[in-house]
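Participant: Take a look at the letters that make up each chain.
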Amino acid sequence: MATATDQVVGFGLVAFSALLFVYYTLWIIALPFIDSDHSIHQYFLPREYAVLIPVVAGLLLLLFIGIFITVVMWKNRKPAKKSD
Amino acid sequence: MTKLGQWLCGLLLLGSAWAALAGLRLPAPLRQALLPLPVYLLVAFGCFSLATVGFRLATFNDCEEAAAELREHIRAARADLARRGLRC
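Residue numbers (my numbering), protein chains in the order written: chain U, 17 to 100; chain R, 1252 to 1339.
What the hints contain is simulated information worked out from the structure, not anything from laboratory work. Positions of the beta carbon are idealized from the N, C-alpha and C atoms, including for glycine. Errors might be hidden in some of the hints.
[As the list claims (entries may be wrong)] One side of the interface only, derived from the structure: several residues of chain R facing chain U at Cβ under 10 Å:
hint : residue
1    : Leu1281
2    : Arg1282
3    : Ala1284
4    : Leu1286
5    : Val1294
6    : Cys1298
7    : Ala1302
8    : Ala1309
9    : Phe1311
Work out the full structure, taking the sequences as your base and the hints as a guide.
Facilitator: This is the structure we're talking about:
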């Protein structure tokens, strides 16, 4: 059995990603087929954001990964050996 | 063919299918649902990955006795090596 914290975090991740998947699926795939005067549209941003937000989030992720790698490599640099 | 080659061929196939469909004149709702499909699949795959990591974290079987035994082994090995003069 995993620890209680692990279980809470783990199932929390599952619930969060399920929620995100349902919301995003509705946004991208279901909404175009629903009449524009239905009240469900008030819960969703304009469609451009459905592409913009993931792309920007992806770029930010790449940025952080790059910064992390740079910092780690910078800390691990050794001074060049001097030969006698 | 390598696995990378297979994956790239699959992606190429799906990508060209998407591009071909995007070039047609589809009715407006279908077109609106089709165009963001690559981003949608990427986000869906990300959600699936997150859910898998979370689920495996929650259902992992800790073995407390094995962990304690391993710690004891490590301690004994460290003591032994220190006695023999290895700095660790």
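Participant: Is the shortest C-beta separation between Phe1311 (chain R) and chain U less than 10 Å?
Facilitator: 5 Å, holds
Participant: Double-check Cys1298 (chain R) for me: the hint is only fine if its C-beta lies closer than 10 Å to a C-beta in chain U.
Facilitator: 4 Å, holds
Participant: Just to be careful: measuring from the Cβ of Ala1284 (chain R) to every Cβ in chain U, is the smallest value less than 10 Å?
Facilitator: 5 Å, holds
Participant: Does the closest beta carbon of chain U sit nearer than 10 Å to the beta carbon of Leu1286 (chain R)?
Facilitator: Since the shortest Cβ distance to chain U is 8 Å, the answer is holds.
Participant: Please verify that hint: Leu1281 (chain R), Cβ, nearest Cβ of chain U, below 10 Å or not.
Facilitator: 8 Å, holds
Participant: May I ask you to test the interface hint for Arg1282 (chain R) with respect to chain U, counting a Cβ-Cβ separation under 10 Å as satisfied?
Facilitator: 8 Å, holds
Participant: Under the criterion of a CB-CB separation shorter than 10 Å, is Ala1309 (chain R) in contact with chain U as hinted?
Facilitator: OK, holds: Ala1309 (chain R) within 10 Å of chain U, min 3 Å.
Participant: Holds or violated: is the Cβ of Ala1302 (chain R) closer than 10 Å to a Cβ in chain U?
Facilitator: 4 Å, holds
Participant: Does the closest beta carbon of chain U sit nearer than 10 Å to the beta carbon of Val1294 (chain R)?
Facilitator: Where the cut-off is 10 Å and the nearest Cβ of chain U is about 5 Å from Val1294 (chain R), the hint holds.
In the structure shown, no violation is registered for any of the earlier numbered hints.
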